[in-house]
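J.: Got chain C; can you put chains R, A and E with the ligands on it based on the hints?
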Amino acid sequence: MAKLTMAQALNQALGQALEADERVIVLGEDVGRDGGVFRITDGLIDRFGAERVIDTPLAESGIVGTSVGLAMGGMRPVAEIQFFGFIYETMDQIASQAARVRFRSMGRFSAPLVIRTPYGGGVKAPEIHSDSLEALFVHTPGIKVVTPSNPYDAKGLLLAAIDDPDPVLFLEPMRLYRAFRDEVPEEPYRVPLGVANVVRAGRDITLIGWGASMPVVLQAADELVARHDVVPEVVDLRTLSPLDESTIIQSVQRTQRAVVVHEAVRSAGLGAEVAALIQERALLYLEAPVGRVSGYDTPYPMTMFEDLWLPDATQVVSAALAALRF
Amino acid sequence: MAKLTMAQALNQALGQALEADERVIVLGEDVGRDGGVFRITDGLIDRFGAERVIDTPLAESGIVGTSVGLAMGGMRPVAEIQFFGFIYETMDQIASQAARVRFRSMGRFSAPLVIRTPYGGGVKAPEIHSDSLEALFVHTPGIKVVTPSNPYDAKGLLLAAIDDPDPVLFLEPMRLYRAFRDEVPEEPYRVPLGVANVVRAGRDITLIGWGASMPVVLQAADELVARHDVVPEVVDLRTLSPLDESTIIQSVQRTQRAVVVHEAVRSAGLGAEVAALIQERALLYLEAPVGRVSGYDTPYPMTMFEDLWLPDATQVVSAALAALRF
Amino acid sequence: MPMQAGSMEEQFPLIQRLNEDGELVGELGIVDEQGLVDVYRSMVMLRRFDERAWNLQRQGVIGTYAPFKGQEAAQLGAAYGLGARDWLVPTYRDWAACWARGVPLEHGLFFAKGHPRMGAVPEEARVFPAQVVIAAQTLHGVGLAWSLKLRREAAAALVTFGDGAASQGDTHEAMNFGSVFGVPLIFFCENNHWAISVPLERQMRSETVAQRALAYGMEGFRVDGNDYVAVVNLVHDLAERARRGEGPFLVEAVTYRLGAHTTADDPTKYRASDEEQRWEQRDPIRRLERFLLGRGLLDDAGIAEAEEAALQEVEATLERFRQALEEDPAVLFDHVYAELTPQLAAQRDRFVARAKEVEH
Amino acid sequence: MPMQAGSMEEQFPLIQRLNEDGELVGELGIVDEQGLVDVYRSMVMLRRFDERAWNLQRQGVIGTYAPFKGQEAAQLGAAYGLGARDWLVPTYRDWAACWARGVPLEHGLFFAKGHPRMGAVPEEARVFPAQVVIAAQTLHGVGLAWSLKLRREAAAALVTFGDGAASQGDTHEAMNFGSVFGVPLIFFCENNHWAISVPLERQMRSETVAQRALAYGMEGFRVDGNDYVAVVNLVHDLAERARRGEGPFLVEAVTYRLGAHTTADDPTKYRASDEEQRWEQRDPIRRLERFLLGRGLLDDAGIAEAEEAALQEVEATLERFRQALEEDPAVLFDHVYAELTPQLAAQRDRFVARAKEVEH
Ligand SMILES: Cc1ncc(C[n+]2csc(CCOP(=O)(O)OP(=O)(O)O)c2C)c(N)n1
Ligand SMILES: Cc1ncc(C[n+]2csc(CCOP(=O)(O)OP(=O)(O)O)c2C)c(N)n1
Ligand SMILES: [Mg+2]
Ligand SMILES: [Mg+2]
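Residue numbers (this note's numbering), protein chains in the order written: chain C, 1150 to 1475; chain R, 1150 to 1475; chain A, 8 to 367; chain E, 8 to 367.
Watch out, some of these pointers could steer you wrong.
Unchecked claim - Stretch by stretch, here's where chain A covers chain E in the computed footprint (C-beta under 8 Å, at least three residues):
#1 171-178
#2 181-188
#3 214-221
#4 308-315
As the list claims (entries may be wrong) - Simulated restraints on C-beta separations:
#5 Glu-30(A) x Ala-279(E): 57 to 63 Å
#6 Glu-131(E) x Val-1344(R): 35 to 41 Å
#7 Arg-329(A) x Ala-1350(C): 55 to 61 Å
#8 Gly-252(E) x Val-1344(R): 44 to 50 Å
#9 Glu-1200(R) x Arg-1196(C): 54 to 60 Å
#10 Glu-1200(R) x Ala-345(A): 51 to 57 Å
#11 Glu-1168(R) x Gly-109(A): 43 to 49 Å
#12 Leu-304(E) x Ala-1199(C): 45 to 51 Å
#13 Gly-1256(R) x Asp-39(E): 37 to 43 Å
#14 Glu-1335(C) x Ala-91(A): 45 to 51 Å
#15 Gln-319(A) x Pro-1341(C): 50 to 56 Å
#16 Ala-1199(R) x Glu-131(E): 54 to 60 Å
#17 Gly-109(A) x Gly-1256(R): 56 to 62 Å
#18 Tyr-1434(R) x Pro-1341(C): 18 to 24 Å
Rather than coming from a laboratory, the hints here were simulated on the basis of the structure. Think of the CB as a built atom: it goes at the ideal place given N, C-alpha and C, for glycine as much as any other residue.
Next up, chain C with everything else stripped away, as it sits in the complex (with noise of 0.2 Å):
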């Protein structure tokens, strides 16, 4: 089995979906004779042609809304939005229309688009480049939301969310584009979309993190046994929209106790809603509020200071430690 990066292993998904289904296209800025801004869409303007991997004006709205468009006549599109922070410029097309076509004409018309999106900080992007926006869009109905955190699940999980019926907001961590490389099967798979991963199986708390915190939620993991004798369980949610509850409850249930770790501004971001949740459905398990390591309330920050500001495995470790001696 070939070791592939994530920017590999989404560039061979795309590929993949390409062949498979004629109504598959590819659009955005740059994706076309660039291969996009990170390299994800590198070769398959050769492979497909113009036709079907469309470099678009510069127009966010335009892009998701002929998708729309291009989704309820009979096509496939997968969307790329350049970095998710100008998400914003098409949150209408988004929310109020692919994610409610289905729900407005009682299912006669149906949008299964895929708007790809790299997002998260950490390598010294501009500003409003590295924002982490997904609570939005899990505070929407009709869309779903996944993303990954290795290379493995980035092929398994586009390619289901390219399957799936329904849009599919579809984050990508920049920083883990090519931050180590997986096993990835050469074969077309799917991850399915609404389960979490117990990544690690453990006794003593419960972390939950998602897409680029992941790698700082293993490290903590790691200096947790190491260091403090602690054996955490790591949930990766992988899909945030819907949520996949019941491995939330039943390993906190176990453990008793919970981090949840985002890059995120903290105020309504998704760790609220998994704490709201936890200690809803597991109040009397609680030995310790549930956590939350995130961003600060403050816009993600000049570059110079953003080491500074995103979450490290030091806090973690620190929540957890608090946690366990509350």
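T.: Frame of chain C, contents of chains R, A and E with the ligands only:
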């Protein structure tokens, strides 16, 4: 003192702000001759002229984006977005522009604008006209989020919002515009931002709501007292960002139970943040999980069934009793 | 020298075939005289429906309704100009156009009622569900037309939008995408001169909507939107050209919103009644009626008969509407996703239990 | 007959005063010969800065940097065409224009470094902070210009944006608002022919950006953006007219991005080197140099001297940049709101404590 509806109180506040400060202008779709689709700006164009009470072209990003430029240029624009559901069209200008001007320029510039918008259900409005999207903006640093639940607060909060040196999203529960009247002093006054209102002191449970949900919460409180011998404390958040955490926590530390009520969709709604906060800072006081009474995880429904979909007092009472019997 | 404003009305002259007095000033083109009688009868029926819907709102039977009174010729011309395999992407005021493309009229009432079936367009009708976010559908029209092109379907699409909608960023992005990708689409602007209370001249400084086409290297046309003959011929030609790959096109149908913006609106607050009266003279039905009377294709008996048939049809529509009112509220949960999520399944159960409680 | 595409380049002819060979083909207008020597020297300095910034990124001193190489004449023409009380609303590639309006060049490095001071424009400079969301600033430009009009200030504003930015909905809304409210603004499009890897002809089907003005009843102009003399005179005239209330205007400055999109970009992937070479011939600095040499206003010694002065100025800029690197990270919390909220005060304390820990 005159008894005014919320619509009248808001209209009075706008008139007084326009009168007191030349820099204040009012702009939006149909705010001029028509006086706004809810008549909140009624008569202002006659008093202050079409240069200060401005009918704009039909473009929300245009309204907020030019308001950002106006504010940076020294004006105090009060922009109206006709219905909250259309805010998506201008998310970038709110979240990445207005909310970041001060941060981006290290304080050299600021964007002191107010965006007023009617929100919430119960008036049988068309699709996308009744959504409660406050959580999206509580998750957006740099902007304040305010919502009154009665005529008195409406006037005082709006005048405070217009004074505020930072951008404020001002959410007006359209169901309450003309639902009842309050004594409202004629002279201008301010209700400070960032301070929740303990509407009723109580002992057995804390009911937390805001804006359009407050009448539901109050009705539930009445029922709890009258029929169940339960004396709830009722908190009206009023400012949703920044949250008045200490009022919430202090109340729950006394009552040891809480239910939070909102019309917005449940997942990742502001109720999650309130619940997460409470378990974080008052877990050992909690005798029961913080309950959430909210909309369902569907798009805001077609209005034939909105009454069934919206939270009502019965649900709040049940949630409170569940917490008490936990 | 830059182009000076002021010449656009000349550059985009108003295309007319049937003038205000009902005189033919061009060719009938694709329509024949008997067909025009049918169109006349349809218009009368639609006008009666529109009035009836207004009253239903006043009686509290439905919620906010947006009347299309005055725009019947523009809407029917657009709808009937299309071919059988062409698509319509409508806005919220287009019940006449939708009806002509196979969507039963009660959908207009569903929409105003907030009935879940409002957008459940019949399978065979090539029509998108109406939506209310101004201009969002212009991009859907581009995407749909693009899908037709990609799938090599010999079909075109027509997307409608208002004069106010022309100010939205989405409309610009749609026209730009549409022209860059050469999609088989007609951008059909129903310029009824008002966006709620904002008149055209405060919506834009340009004289015409049609001239926007110049920004995109697209062909633009201004047509008398109250002249069914002109509209249907223009749309027919352009749809054919679009199917041949010559699209997209921009059509500005110059018409007028004879009624209020919606049942919640009071136009006396913001517009002069003499303007309304001037446009009453240009009423598209009256114009067609005069033509038909003049040609001997219609007489008083025919008019009475048209009215009679209209009332019956409207009654039948109302009857279908009433019968649809028995709807299971739980349907709200069934089309959020293709399959119920675990969360929604649980919430659906709670909702159903509560609905039962409330019933009792 | 609708307007046919194909005539726009004639309708908006390229305004030029100094041709590619450095020959004067129009009047000097507001500039004098000595002033042109200064502008030449500035351009040389800016070019050296731009190259140096590129290298600083390669050395890891700063992050992603967007070079303005090739656009110096357009930017300086725009900046110097404005009056002292006029405002500049820039995009992210406009460090030359910003510098000419009083923003020290190290701000370009701050921006690329992600330094909190990137947008801390000096109080006296009438310049907005650069921001990266394509086209968002076009609306800020309209709002700012509107505020000048409302406050009866005799001042105008100029907002810059790229050819790619012309596709965004915000640009449309800005031009429409601007023209409806008659604001004293120049929409200044730096058409450098590329939006990252997307060439102009796939960005829009129209031949020119200038013709977009027709959609708004606005005057539009196409100017040779590599011709400082043409640009500065045009902007000067339009700013004056804008201050008199005749605005807004659209200017398309036809230029070329001689370098990569940013330091993260590799243009050999998507564009032909002969195109680049063709535009190297039109380099704005070379053109001015030829003119000055031809007039005897510059000689080899003068060129060498300009280079020398440029290097010194760039060094001084770098020195100021380096000295600014000692910045307190806690500043991130101080400008979220005018006052720290209770949450932010607590979070700031935690952040400071942690920053101290990390230091040790
Ligand atoms: C994005 C958005 N903004 C505002 C509204 C509220 N609104 C509904 S109709 C309307 C005016 C539309 O005018 P026009 O496009 O001319 O269409 P008409 O109503 O005349 O058919 C407005 C402002 C909306 N539905 N969507
Ligand atoms: C809303 C938004 N979408 C995408 C981007 C990413 N991006 C940065 S520059 C650029 C191309 C801009 O082209 P143009 O407007 O021609 O300006 P130029 O870079 O040529 O100066 C893109 C797509 C962005 N910054 N903002
Ligand atoms: Mg209209
Ligand atoms: Mg460019």
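J.: Could you run down the list of hints and mark each one as holding or not?
T.: Structure-based check of all given hints:
1. Counting residues of the region 171-178 of chain E whose CB lies closer than 8 Å to any CB of chain A gives 5, so the stated coverage by that chain holds, three being the minimum.
2. Beta-carbon proximity to chain A at under 8 Å applies to 3 residues in the region 181-188 of chain E; the threshold of 3 is reached and the given coverage holds.
3. Beta-carbon proximity to chain A at under 8 Å applies to 6 residues in the region 214-221 of chain E; the threshold of 3 is reached and the given coverage holds.
4. By the rule of at least three residues with a Cβ nearer than 8 Å to a Cβ of chain A, the coverage given for the region 308-315 of chain E is violated, with 0 such residues.
5. Taking 57 to 63 Å as the suggested C-beta distance range, the pair Glu-30(A) and Ala-279(E) conforms, at roughly 60 Å.
6. The hinted window of 35 to 41 Å between Glu-131(E) and Val-1344(R) holds, with their beta carbons roughly 38 Å apart.
7. Checked against the hint of 55 to 61 Å, the C-beta distance between Arg-329(A) and Ala-1350(C) comes to roughly 59 Å, which is consistent with it.
8. Checking the proposed 44 to 50 Å range against Gly-252(E) and Val-1344(R) shows it holds: the Cβ atoms sit about 46 Å from each other.
9. The beta-carbon spacing between Glu-1200(R) and Arg-1196(C), approximately 59 Å, falls within the hinted interval of 54 to 60 Å.
10. Distance hint check: the CB atoms of Glu-1200(R) and Ala-345(A) are about 52 Å apart, consistent with the given range 51 to 57 Å.
11. Separation of Glu-1168(R) from Gly-109(A) is about 56 Å and departs from the stated range, judged on CB atoms against 43 to 49 Å.
12. For the hinted restraint 45 to 51 Å between Leu-304(E) and Ala-1199(C), the CB-CB distance of approximately 49 Å keeps it satisfied.
13. A hinted range of 37 to 43 Å holds for the C-beta pair Gly-1256(R) and Asp-39(E), which are about 40 Å apart.
14. For Glu-1335(C) paired with Ala-91(A), a C-beta distance near 46 Å keeps the hint of 45 to 51 Å intact.
15. In this structure the hint that Gln-319(A) and Pro-1341(C) lie 50 to 56 Å apart at CB holds, the actual value being about 54 Å.
16. For the pair Ala-1199(R) and Glu-131(E), the supplied restraint of 54 to 60 Å is violated, since their beta-carbon distance comes to about 34 Å.
17. A hinted range of 56 to 62 Å holds for the C-beta pair Gly-109(A) and Gly-1256(R), which are about 60 Å apart.
18. With their beta carbons about 40 Å apart, Tyr-1434(R) and Pro-1341(C) fall outside the hinted range of 18 to 24 Å.
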